[in-house]
Amino acid sequence: MSKLMKIFTGDSFILSIVAIIMGLILGALVMLIGGYDPFEAYSALLTRVYGDSYNFGEAIREMTPLIMTGLAFAFAARTGLFNIGGEGQFLIGMTAASIVGIHVHGLPVYIHAPLAVIAGAVFGGLWAAIAGYLKAARGVNEVISCIMLNWIGLYLSNMIINNYALLDGENRSVDIQPTASIAIGWLSEMMGNARVHWGTVIALLAAVFFYIFMWKTKQGYELRAVGFNQDASKYAGMNVNRNVVKAMFISGAFAGLGGAFTVLGVFGYQSVMASSPGTGFDGIAVALIGMNNPFGIILGSILFGTLTYGSAGMSFSADVPPEIVRIVIGAIIFFIAAQGIVRWVLKPFYAKRKKEKVL
Amino acid sequence: MDTATPVVELKQITKRFPGIVANDSISLKLQKGEIHALLGENGAGKSTLMNIVFGLYQPDEGSIEIDGKPVIIDGPNRAIELGIGMVHQHFKLVQPFTVTENIILGSEPRKGARINYRKATEEIRKLSEQYGLRVDPNAKIHDISVGMQQRVEILKTLYRGADILIFDEPTAVLTPQEISELMEIMQRLIQEGKSIILITHKLKEIMQIADTVTIIRRGKVIDTVKKTETTPQELAEKMVGRNVSFKVDKKAAEPGEVVMHMENILSKNKDGMAVLNSLNLQVRAGEILGIAGVDGNGQTELIEALTGLRHVDGGKITLHGKDITNLTPRKVTESGVAHIPEDRHKHGLVLDFSVSENMVLETYYKAPYNKNGFLQYDEVDKKATRLVEAFDVRTPSIHTMARSLSGGNQQKAIIAREIDKNPELLVAAQPTRGLDVGAIEFVQKQLIAQRDQGKAVLLISFELDEIMNVSDRIAVIYEGQIVGEVLPEQTNDQELGLMMAGSTVKRGAAHE
Chain A
202 MSKLMKIFTG DSFILSIVAI IMGLILGALV MLIGGYDPFE AYSALLTRVY GDSYNFGEAI
262 REMTPLIMTG LAFAFAARTG LFNIGGEGQF LIGMTAASIV GIHVHGLPVY IHAPLAVIAG
322 AVFGGLWAAI AGYLKAARGV NEVISCIMLN WIGLYLSNMI INNYALLDGE NRSVDIQPTA
382 SIAIGWLSEM MGNARVHWGT VIALLAAVFF YIFMWKTKQG YELRAVGFNQ DASKYAGMNV
442 NRNVVKAMFI SGAFAGLGGA FTVLGVFGYQ SVMASSPGTG FDGIAVALIG MNNPFGIILG
502 SILFGTLTYG SAGMSFSADV PPEIVRIVIG AIIFFIAAQG IVRWVLKPFY AKRKKEKVL
Chain B
930 MDTATPVVEL KQITKRFPGI VANDSISLKL QKGEIHALLG ENGAGKSTLM NIVFGLYQPD
990 EGSIEIDGKP VIIDGPNRAI ELGIGMVHQH FKLVQPFTVT ENIILGSEPR KGARINYRKA
1050 TEEIRKLSEQ YGLRVDPNAK IHDISVGMQQ RVEILKTLYR GADILIFDEP TAVLTPQEIS
1110 ELMEIMQRLI QEGKSIILIT HKLKEIMQIA DTVTIIRRGK VIDTVKKTET TPQELAEKMV
1170 GRNVSFKVDK KAAEPGEVVM HMENILSKNK DGMAVLNSLN LQVRAGEILG IAGVDGNGQT
1230 ELIEALTGLR HVDGGKITLH GKDITNLTPR KVTESGVAHI PEDRHKHGLV LDFSVSENMV
1290 LETYYKAPYN KNGFLQYDEV DKKATRLVEA FDVRTPSIHT MARSLSGGNQ QKAIIAREID
1350 KNPELLVAAQ PTRGLDVGAI EFVQKQLIAQ RDQGKAVLLI SFELDEIMNV SDRIAVIYEG
1410 QIVGEVLPEQ TNDQELGLMM AGSTVKRGAA HE
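So the protein sequences, as listed, match chains A and B. Per our numbering, residue 202 is the first one in the first sequence, and the count goes up by one each step. Per our numbering, residue 930 is the first one in the second sequence, and the count goes up by one each step.
Here chain A stands alone, though its shape is the one from the complex:
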């Protein structure tokens, strides 16, 4: 577990923390320019999220799918793929879970709920595997196919709900069977009916799975080798194309799980959506903040979830427009991507350390 320790002491962790601080400072500056009090705003934000159990539970609800889409993006990135299709995979996962949750009858809860969750994972994975297959067999750039699959996924989901599960007169599906629900009733009651669900637990386990799979198994070794250097992998006798499809499937399964949780744990039904919910794209941001590390992603989604969920509180009690939070998030990502700037800020500290090393 020395690797785990390295995450918290390593160079990249420090860089992330500094980038986050710099992003928060930049957001504060924007607030000052706009004539708002940044201290009041940030404290309102934190109070909203961590002030009472209901809001805390709801913030966790906000974070959970972000972990999944973040893992999805990071998994693909670790294998050298740019899976920008988390959005579509999320939606397909949602729809698959809805259909199983609505149309399968008479199963006990311990079979029905897992079945619906698994359906979300499998179909999210298959959706991503389409892009993987196109890349492997036809050389189609996965970015392009993923973007197209996002749109296809959105309208296909709407079409399925409209045709097979629509609640009469409403713009949403009928409710899922109670046996398919993964909500944690007793905890929900304790937390003032905040919509907490088992998906959060699965998300944390998924991060652990990500870690073990990627760094402990033979398959993970192969995927990482392909991700770092396709030529060397080919030379070493690995089947690069097959690995691309596999990697996309697993990546998509993560995103699909996130979608399944949203239906089975939070709403209990699926809306007909006018536009994409954006969770898949936010996952990219989370993965960037978490430096594509599964545990970093958990921290990243806590940050991201806190900021977005808390932004409502910020506008409510400090009268700061919630869009400011988007500026903060944007700035954090910017500083993480532009590590040169952060290193430049840290230069005085590093210079000191370097001198010690040389002497």
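Honestly, I wouldn't trust all of these hints.
As the list claims (entries may be wrong) - Below, simulated BS3-like cross-link-like pairs (lysine-lysine); rule was C-alpha separation at most 25 Å, straight line:
id, chain 1, residue 1, chain 2, residue 2
1, A, 417, B, 1350
2, B, 1275, B, 1350
3, A, 419, B, 1300
4, B, 1131, B, 1167
5, B, 1260, A, 419
6, B, 1295, B, 1311
7, A, 417, B, 1312
8, A, 419, B, 1312
9, B, 1300, A, 447
10, B, 1251, A, 435
For the record, the hints were derived by calculation from the structure and aren't laboratory data.
Position chain B relative to chain A; hints supplied.
Relative to the frame of chain A, chain B by itself:
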């Protein structure tokens, strides 16, 4: 001559990078009209020093004087102003542009708003004649030979008024004929009053052309000597810091049965052109077959075809009589072929993997490294530790990223991995490229040791010396065909050079 003001004088230059002192108070004087060779192993700090002179790096300590005046060179533009020109190892030319267009790029002579091509062409023609470069200013870069491209690079510096020319490993990409032409050009430049710094690790060239040699080891100047007062042996010892033998020690080969047989191999590239054209080759057990040839004549394709990385469109490859044509790379490996690839960064290693992880790149899926789908890192590390010790791979730890090892140690790691597979046929493609004398010695010894154990070794190299010294038999490749076979003791550089250029065909010399 020592009393004259040097054209370039470096005083106590020190440059530090995180964790390493690349140049440790280096002093160097370049006299007018001399060729000053900078000799050192890879990673000795030659390139860092020259990048400082060319303004790409700033020294942490020390100063530079040009013609006795202290200067600060804060960028390549300033260096050019001061009359310093650099001929890089990897040419920086725009392929579809003409020679003239490439040379004037960045300092185009103008006539109103237009570029005055006529004036530029004229000027380049004149320069080319003056220095005996024989470059056609209107030729396109992709139509001219590598040697000619290098002359364009030289012209580029001259066009910008350089008096001090830095050559960075200029002969690495040239054929023997081109090398001797380059030597003549350098002499001509000196006659015309230029001064040259030659970066190299090839002793032969230094003895041929340099006036003064400065030897650098681990960032420090070991010595500066006149060429006339030294010997290659002495230079090598100073460069490496210990005794080295040039003679490759080996017994006579005892070739056994044919291990690998390539018959009428045909392979086409994307455009349908045959890159391997009815190629025939045999390697026997207990012999090293060297493939000589100019870069780009099918060597890469030959290896790829043999190792399963390239589709063979016709012909047959057998290993111990077993057909291995168009098998997957994994199947080829499993049938007993080990491959030290040409490009160790592209094919040989996953640079972002640790040394340990790289050691099982081809065997990770087998027991004991793989157990029920889980990688047994204990076993992997055990193997890595064993190989690192046996092959003297210098690495801080087996968990160090392969990226941070020096080229020589990366190569040792690859060789360790490949030899450890105990192959029937060892394919070594340019195994000593970019390595210093010490590492070259090591690699060549390993190849010979494999041969002595009765393995078949196929050696591809662009270094004629290596081919001549290490091989038991030499096959010359030209335009995708084996155009001749000779025995090293019955041939010489000149004959091989001509065969490599495709002008003579000699067959059967090695078939008694």
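Inset, instruction - Decide if the proposed pair is consistent with the structure: residue 1131 of chain B and residue 1167 of chain B, CA atoms, cutoff 25 Å inclusive. - result: holds (13 Å)
Inset, instruction - Assess, step by step, whether the Cα of residue 419 of chain A is no farther than 25 Å from the Cα of residue 1300 of chain B, and give holds or violated. - result: It holds: about 9 Å lies between the C-alpha atoms, which stays within 25 Å.
Inset, instruction - Quickly compare the C-alpha distance for residue 1275 of chain B and residue 1350 of chain B to 25 Å and report which way the hint goes. - result: Distance of about 21 Å is within 25 Å: holds.
Inset, instruction - Please work out if residue 419 of chain A and residue 1312 of chain B have their alpha carbons no farther apart than 25 Å. - result: holds (16 Å)
Legend entry - Holds or violated: residue 1300 of chain B to residue 447 of chain A, with C-alpha atoms at most 25 Å apart: holds (20 Å)
Legend entry - Pair hint residue 417 of chain A and residue 1312 of chain B, alpha-carbon separation not exceeding 25 Å: holds (17 Å)
Inset, instruction - Compare the distance between the alpha carbons of residue 1295 of chain B and residue 1311 of chain B with 25 Å, and conclude whether the hinted pair is satisfied. - result: holds (15 Å)
Inset, instruction - Quickly compare the C-alpha distance for residue 1260 of chain B and residue 419 of chain A to 25 Å and report which way the hint goes. - result: Satisfied, since the Cα-Cα distance of roughly 19 Å is no more than 25 Å.
Inset, instruction - Below or equal to 25 Å on CA atoms is what counts here, so check residue 1251 of chain B against residue 435 of chain A. - result: Measuring from Cα to Cα gives roughly 23 Å; hence the hint holds.
Legend entry - Hinted pair residue 417 of chain A and residue 1350 of chain B, Cα distance within 25 Å: holds (24 Å)
Violated hints are absent here; each numbered hint is respected by the structure.
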